[in-house]
Amino acid sequence: MQKRAIIFALIAILLWSTVATAFKIALSTSTFIELLFFSSIFSLLALFIILIIQKKIKILFSLKAKDIIIPASLGFLNPFLYYLILFKSYSLLPAQIAQPLNYTWPIVLVILSAPILKQKIGTKGLISIIISFVGVIIISLQGSLENFAQVSKIGVSLAVGSSVIWASYWLFNVKSILDEMVKLFLNFLFGVLYIGIYILVLDEISMPDFKNILSFAYIGLFEMSITFAFWITALKLTNRTDSISILVYISPFTSLIFIYFILHESINFSTVIGLVFIISGIIIQKVKRINI
-2 MQKRAIIFAL IAILLWSTVA TAFKIALSTS TFIELLFFSS IFSLLALFII
48 LIIQKKIKIL FSLKAKDIII PASLGFLNPF LYYLILFKSY SLLPAQIAQP
98 LNYTWPIVLV ILSAPILKQK IGTKGLISII ISFVGVIIIS LQGSLENFAQ
148 VSKIGVSLAV GSSVIWASYW LFNVKSILDE MVKLFLNFLF GVLYIGIYIL
198 VLDEISMPDF KNILSFAYIG LFEMSITFAF WITALKLTNR TDSISILVYI
248 SPFTSLIFIY FILHESINFS TVIGLVFIIS GIIIQKVKRI NI
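This note's numbering numbers the first residue of the sequence shown as -2 and each following residue consecutively.
Keep in mind that a hint or two might mislead.
To be verified - Using 30 angstroms as the maximum straight-line C-alpha spacing, the simulated BS3-like pairs for lysine-lysine come out as follows:
#1 K283 - K208
#2 K63 - K208
#3 K172 - K121
#4 K0 - K61
#5 K0 - K233
#6 K53 - K150
#7 K172 - K61
#8 K63 - K115
Hints in this document: simulated from the structure, not taken from any laboratory.
Whenever a hint applies, use it, and build me the whole structure from the sequences.
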């Protein structure tokens, strides 16, 4: 069972490692709103098929109105607001900057747990926050103040802001006791509705060509839906959730490999060092054996 859990986890990690590159490819020929709308549609369809395969459709149709309130509300955070902000940040920043900044969400989770869950941060939590924050500064500076002047400040703010949205979504999501895949489907069902309203009122989209459709489908399947199913399966199969969960932090480093070879971005040393600080801060917070 543990071997199968590791296999599912590694598949999820490999797929998530490719999405930063996929975002930039899609955004090179489409707007971030088009990417948000069409990838969410593909994700919604994939999640519905997953529910059929897992024989969870009965759960979906047996829900009462009160069961849907939380997932419907959280659909505003994910996919609508989270990916709206994330995709916009990727349209403004190189992938090697946007991707690691987005990975600060576990540290933001620690910060938000204090007011939302009434949990004390503690000394270890404060140290992890400071270390990760140093990583954010290193990545944002890109080696010098001169380079920092060329980095989009709005893009950096949005990339870090997306981590706040994701951490908030995660915290409020635990309040619902529904099956994880059912919750995710409902999030996207209502999220697509919110995205549609946004487009009707504030924006417009054009029909994508075949190349764009492939990009949207890839992101909808392997960032938003199927990969989560792999990850949830891995967590259910394992008898050591902590050992599986820690593997996900391989992803931002392997992502840089795809960014380098496919997008041909020259990876700055400051990006790697900053990412090491961010992940180190996260691991310090998560490793229970460390007592400070």
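Do the hints match the structure? See the list:
1. Under the criterion of a C-alpha separation no larger than 30 angstroms, the hint pairing K283 with K208 is inconsistent with the structure, at around 41 angstroms.
2. Proximity of K63 to K208 is assessed by CA-CA distance (about 41 angstroms); at most 30 angstroms being required, the pair is judged violated.
3. With a CA separation close to 26 angstroms, the supplied pair K172 and K121 stays within the 30 angstroms bound.
4. A hinted pair counts as satisfied when its Cα atoms are at most 30 angstroms apart, and K0 with K61 does not qualify at roughly 38 angstroms.
5. Taken as a hint, the K0 and K233 pair is honoured in the structure, with Cα atoms around 12 angstroms apart against an allowance of 30 angstroms.
6. For the suggested pair K53 and K150, the alpha carbons sit about 44 angstroms apart, so the restraint of at most 30 angstroms is broken.
7. For the hint linking K172 to K61, the alpha-carbon distance of about 16 angstroms falls within 30 angstroms, and the restraint holds.
8. Note on K63 and K115: the hinted pairing holds, with a Cα-Cα distance of about 25 angstroms set against a maximum of 30 angstroms.
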